[in-house]
Amino acid sequence: MPVKVSVIIPVYNPGIYIEDCISSLQRQSLPPEEFEVIFVDDGSTDETPARLDALAAEDPRIKVIHQENSGWSGKPRNVGIEASRGEFVMFVDNDDYLGDEALERMYDYGVANGADVVVGKMAGKGRGVPVELFRRNHPRATVENAPLIDSLTPHKMVRRAFLDRIGLRFPEGRRRLEDHVFVAEAYLRAENVSVLSDYVCYYHLRRDDGSNAGFERFDPVGYFRNLREALDVVEQYTEPGPVRDRLFRRWLRVEMVERLRGRRFLNLPDDYRRELFGEIHEVVVERFGPGVAAGLQPTQQVVAALTAADRYDDVVAFAEWEAGVAPTATPEGIEWRDGSLTVGFTAEYLSGGEPMLFPADADADAEAAPLTDVPKDVPEAVRWVASETAARFGQATADLLLRERSSAAQYFQPVEFTRETVPAGAGGEVRLVLRATATVDPADLPRDGAWDALVRVKAGGWTKECRLGPAPRENRPTPDVGLVGDRPVLPYWTEPHGNLSLELGARGKRLGLGRVQLGDVAVSEGRFRVLLPVHAAGETGVRLRFVSSGRILEVPGTLSPGADRPGSVLAAALPAEDLSDDVWRVAVCLNPGADRARFTGLPFALRAGGGSVLVTPAPGPGVALRLARRARRVLGAARRKVSSRIKAGGR
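Heads up: the sequence shown at position 628 corresponds to 628 in our numbering, and the numbers run straight through without jumps.
Be aware that one or more of the hints could be misleading.
Listed below are the simulated BS3-like cross-link pairs for lysine-lysine, each with C-alpha atoms no more than 30 Å apart in a straight line [claimed, not checked]:
(1) 509 with 376
(2) 458 with 509
(3) 458 with 376
(4) 125 with 376
(5) 464 with 125
Hints in this document: simulated from the structure, not taken from any laboratory. As the structure is a prediction and not an experimental result, all values here were calculated from the model.
Take the sequences, apply the hints, and build the full model.
This is the structure:
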């Protein structure tokens with residue numbers, strides 16, 4: 001059978017960090033006979049070569065090529081391309097991994113849309129990834145209709161015939177930004193590029209030891225020499241004008257201006273900062289016309305102008321001011337509505353920990369004008385930024401994202417918002433506040449686990465994210481757990497920070513069923529009813545368990561929205577003939593269709609006897625259980641005491 005995809009992985013001393021990559025390849029949903037994996041070992045000196053050879057001996061899909069160290073990833077990728085047999089090649093780094101369905105989804109999407117390049121949604125753990133590019137699927141994307149240029153890493157699926165037709169390969173040797181040169185040309189010469197955004201295909205990981213190649217401090221002279229080669233590609237395949245300026249703007253913004261802003265710049269040693277600034281100044285003056293910086297946001301325009309004017313000290317001072325600018329998002333309401341969670345919040349920017357103030361007389365209807373004169377000093381630059389931010393407030397946006405804690409996969413949620421100017425300050429200034437309502441449908445989230453709510457605020461020259469919170473403890477809304485499909489979904493506030501998170505697949509005490517009161521339980525005419533603090537959008541099947549000394553009974557039940565009170569009514573027929581005279585503990589499973597049905601105890605019991613069933617408080621643990629718990633506490637205390645003595649002796 002023809003090979004659909006060849007996965008090419010350059011390898012150099014990854015150690016244990018290659019294991020996640022290997023495991024993800026072994027889990028791929030694409031049939032094994034339809035893809036191959038080519039590891040190109042670039043002269044590794046650790047145990048990786050032997051690990052890969054053993055892997056290849058067990059798995060016919062895997063091929064290992066050993067070569068002398070070439071210094072960077074370009075040559076190993078080119079060697080992999082030449083050895084590949086697939087219709088498409090997929091580039092993966094040895095310390096990253098793929099989503100389980102990545103190869104199948106990306107291949108099918110590329111074939112369906114006739115794509116030469118397929119860009120799959122990315123997630124970054126400890127490292128940044130493009131966000132705006134993956135708001136939605138782009139079956140036919142170009143550098144003009146989509147922010148493709150935001151993603152220049154090589155982790156794409158590319159049609160092999162396309163690479164051969166245009167003769168495209170990676171630059172080789174020890175160098176930086178070889179991926180920019182390759183990907184920029186691929187974007188500009190492809191007949192079609194398709195962006196797949198509804199599934200996380202690629203997971204970027206930052207190693208615990210911080211030794212990813214991309215995180216090593218670089219030599220500014222060599223780095224910006226290599227960057228010029230990427231600019232050469234753009235000049236070769238575009239005409240002078242707005243499109244070229246927009247593409248150049250990506251390198252000015254990301255590789256230059258952003259390196260000179262805020263804490264990122266201030267945290268560098270002064271001598272390195274000066275060298276970095278000097279190289280960036282040269283590129284800005286040498287390669288970028290006025291149209292490139294004119295399209296930047298206000299703060300970015302200031303940094304670009306000061307850099308072009310070779311004013312290092314002012315760039316440092318402006319970075320010190322920007323380091324105190326941060327967004328804040330305050331929850332205003334959270335409730336379940338028809339199976340979705342409605343989340344209200346306000347968002348704005350702070351400066352020095354206080355709400356940022358802006359001139360009230362800025363013309364919000366005026367067309368944004370680029371910075372024409374370099375500010376004479378930093379206070380003037382700050383005033384100009386404040387005025388421009390207020391004038392552009394009509395373009396400000398707020399988004400709510402949910403980020404899965406273990407993988408960092410993130411998804412935009414639908415948001416409606418209004419923009420408000422709030423009078424503040426003795427000088428007639430205003431605050432710029434975004435008031436938003438987001439609708440979260442947990443059914444759209446792909447996996448159980450903890451999901452953190454983040455707010456992305458775009459205003460003026462800032463696009464920053466912050467957690468949704470903190471919510472003051474006395475004002476925190478406490479919505480019930482929601483039952484969405486077969487998953488309990490628990491909104492909760494983190495401790496100690498008070499930020500909003502969701503737990504999908506919540507169970508046990510986290511469900512909050514211990515809040516049920518005896519008055520909420522009714523037994524009559526062989527029926528059992530109890531009001532639970534659970535939101536159910538419609539009638540849902542659940543399962544009840546009755547446990548006595550030595551016996552367990554299970555019966556089906558239903559959970560329905562409460563008619564006149566918050567929560568849902570759990571109803572079931574009592575197995576009266578099977579309830580022997582005894583005290584029966586009660587537990588409920590809210591998702592009986594799940595792979596592992598889990599029962600949660602309720603804080604009451606049923607006392608059967610004399611032909612009647614009464615509701616009673618749940619009995620406490622038995623004597624044996626109480627003794628066992630006490631023994632564990634005593635043993636734990638003894639171990640901690642011994643450990644403390646050992647540590648004290650070591651000091």
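Evaluation of the provided hints:
1. 509 with 376: Distance ~61 Å between residue 509 and residue 376 Cα, so the pair is violated.
2. 458 with 509: Violated, at about 39 Å.
3. 458 with 376: 27 Å, holds
4. 125 with 376: Violated: residue 125 and residue 376 sit about 41 Å apart, past 30 Å.
5. 464 with 125: Holds. Residue 464 to residue 125 sits at ~17 Å (cutoff 30 Å).
Of the numbered hints listed earlier, those contradicted by the structure are 1, 2, 4.
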